[in-house]
Amino acid sequence: MQKLNLLKESPSQTAGPYVHIGCVPNFSGIHGVYPEDLGAVMRREGAKGQPITIKGAVWDGTGTPLKDALVEVWQPDADGIFTSGDPRGAGDPNFSGWGRFAGDYDTGEWAFETVKPGPVPFPDGRMQAPNITFWVVARGINIGLQTRMYFPDEDNSADPVLGRMEHKNRVPTLIAQKESEGVYRFDIRLQGHKETVFFDV
Amino acid sequence: MSDGNYFTRDRSWHPPAYTPSYKTSVVRSPNKALISFPPTLSEQTGPVFGHNILGELDNDLIHNFAQPGESAIGQRIIVHGRVLDENGRGVPGALVEFWQANAGGRYRHKKEGYLAPLDPNFGGCGRTITDAEGGYRFRTVKPGPYPWPNRQNDWRPAHIHFSIFGSGFGQRLITQMYFEGDPLIWQCPIVDTIPSREAIETLIAPLDMANTIPMDARAYKFDIVLRGRRSTMFENRPEGN
Ligand SMILES: [Fe+3]
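Taken in sequence, the protein lines are chains D and E.
Position 38 of the first sequence, counted from 1, bears residue number 38 in our numbering, the numbering being contiguous throughout.
Counting the second sequence from 1 gives a position; our numbering is that position plus 201.
Chain D with its partners taken away, still in its complex shape (with noise of 0.2 Å):
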């Protein structure tokens, strides 16, 4: 029989407590090498749609927040266009759609600045509801933890995702809160009762 000839992917390894000095190393206090951390700013002056704010937290199976994650979000821009590689056109000049905050040192706390996205459709046309696919990062996690995170002010209700989930009663772990107008929290839980939905995809 003939061989496929296929490769394997390289196996992850955790991201280790010192993710920050290769991902985000003026944060974790190495100044001179990069100008900036890469990531940091998501939307500039003229970007379009409404401009919102993100906090949150990730927290372990103790409910201990992670003090030492990354995170890393990629989402369109506020027409549902993602800024590079997009079939469909070229997305909003002023708006990165990529955004790596780590979690603050004493609190695990991040927030980060965007717009609110457009919505996208799915691989069978049908449009998904607004969402940001999160990628969480940090010692003890064995490879990459993937997640999103859709907004309790859109219309929910007719999302391809959300709607093949067998337990409904996990789709809010997928809901951010509204703290105010264009804040929202969203919390991520890695066990526990209230476990975040994680995909394969």
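Source of the hints: derived by calculation from the structure; they are not laboratory data.
Please note that a few of the clues may not be correct.
What the hints assert, rightly or not - Below are the EDC-like pairs computed for lysine to aspartate or glutamate, each with C-alpha atoms no more than 16 Å apart in a straight line:
| hint | chain 1 | residue 1 | chain 2 | residue 2 |
| --- | --- | --- | --- | --- |
| 1 | E | Lys233 | D | Glu109 |
| 2 | E | Lys224 | E | Asp355 |
| 3 | D | Lys8 | E | Asp211 |
| 4 | D | Lys178 | D | Asp155 |
| 5 | D | Lys8 | E | Asp424 |
| 6 | E | Lys233 | D | Glu166 |
| 7 | D | Lys55 | D | Glu109 |
| 8 | D | Lys8 | E | Glu399 |
| 9 | E | Lys311 | D | Asp104 |
| 10 | D | Lys67 | E | Glu313 |
| 11 | E | Lys233 | D | Glu195 |
| 12 | E | Lys312 | D | Asp106 |
| 13 | D | Lys178 | D | Asp200 |
| 14 | D | Lys8 | E | Asp355 |
| 15 | E | Lys343 | E | Asp409 |
| 16 | D | Lys67 | D | Asp104 |
With chain D's structure known, arrange chain E with the ligand on it following the hints.
Chain E with the ligand only, in chain D's frame:
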């Protein structure tokens, strides 16, 4: 998005979330099954980084934190290789970031407590973007092994951490590179989170004498494989689309 959809990630090749000999994973591992859905534009697209972000010394850890005219202490090495996908194709334009301890096994980090000294000329981070064939290279010093609080006497083998972006966010990967011949590899609970020896071997970089720079630096070769993508020719779409 240049290609079709991803190959399904082989989760049995990667470490599972819950690995009790790596104690921190116990309360940081999701218990419930991951939920799957077909990749969407959120996974098929991803951030693209231009060469304009790169500084001249970003791929030279021996000098990028050093005082002018000085250099980091340690065994000088070149690390090079290719970023490939599971089809064996080079991934061009991939941002590769790396970080490591210094030659004595000490990280430049507020929460690091190992008694080995800091090297005033070593920061420990670097980055580069792959060329048209997926190739990358950087210069550094070989990191030292270090002890870490887990069981009573656990030591990390010498390693370099890698973060890689492919052409889509669904390929996002963080991993570690180990060095040929290090006996600590086979005693490390973090390495041991990977289920098979065969998979572990793919993270061990061989000494590459052919690419060594005589009288300067030895070379280690480390290829990184990201998830593959299917051809787009026969994607199933609803009729009429
Ligand atoms: Fe390390």
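Does the alpha-carbon distance linking Lys8/D and Asp424/E stay inside the 16 Å limit?
Roughly 11 Å between the alpha carbons, so the hint for Lys8/D and Asp424/E holds.
Between the alpha carbons of Lys311/E and Asp104/D, is the straight-line distance 16 Å or under?
Between Lys311/E and Asp104/D the Cα gap is close to 12 Å, so the pair holds against 16 Å.
Tell me if the straight-line CA distance from Lys233/E to Glu166/D falls inside 16 Å.
holds, 12 Å
Is it true that the CA of Lys233/E sits at most 16 Å from the CA of Glu195/D?
Distance of about 8 Å is within 16 Å: holds.
When you check the alpha-carbon spacing of Lys8/D and Asp355/E, does it fall within 16 Å?
At roughly 29 Å apart (the allowed maximum being 16 Å), Asp355/E and Lys8/D break the hint.
Next pair to validate is Lys67/D with Glu313/E; report whether the Cα-Cα distance is within 16 Å.
Distance of about 14 Å is within 16 Å: holds.
Pair hint outcome, Lys67/D versus Asp104/D [Cα-Cα no greater than 16 Å]
holds, 6 Å
Can the restraint linking Lys178/D and Asp155/D be considered satisfied, given a maximum Cα separation of 16 Å?
Holds, at about 14 Å.
Would the pair Lys343/E and Asp409/E pass a check requiring their Cα atoms to be no farther apart than 16 Å?
At roughly 14 Å apart (the allowed maximum being 16 Å), Asp409/E and Lys343/E satisfy the hint.
Are Lys233/E and Glu109/D close enough, with their CA atoms no more than 16 Å apart?
Violated: Lys233/E and Glu109/D sit about 24 Å apart, past 16 Å.
Given the hinted pair Lys8/D and Asp211/E, is their alpha-carbon gap at most 16 Å?
holds, 8 Å
Is Lys55/D within 16 Å of Glu109/D, Cα to Cα?
Holds, at about 7 Å.
Of the numbered hints listed earlier, those contradicted by the structure are 1, 13, 14.
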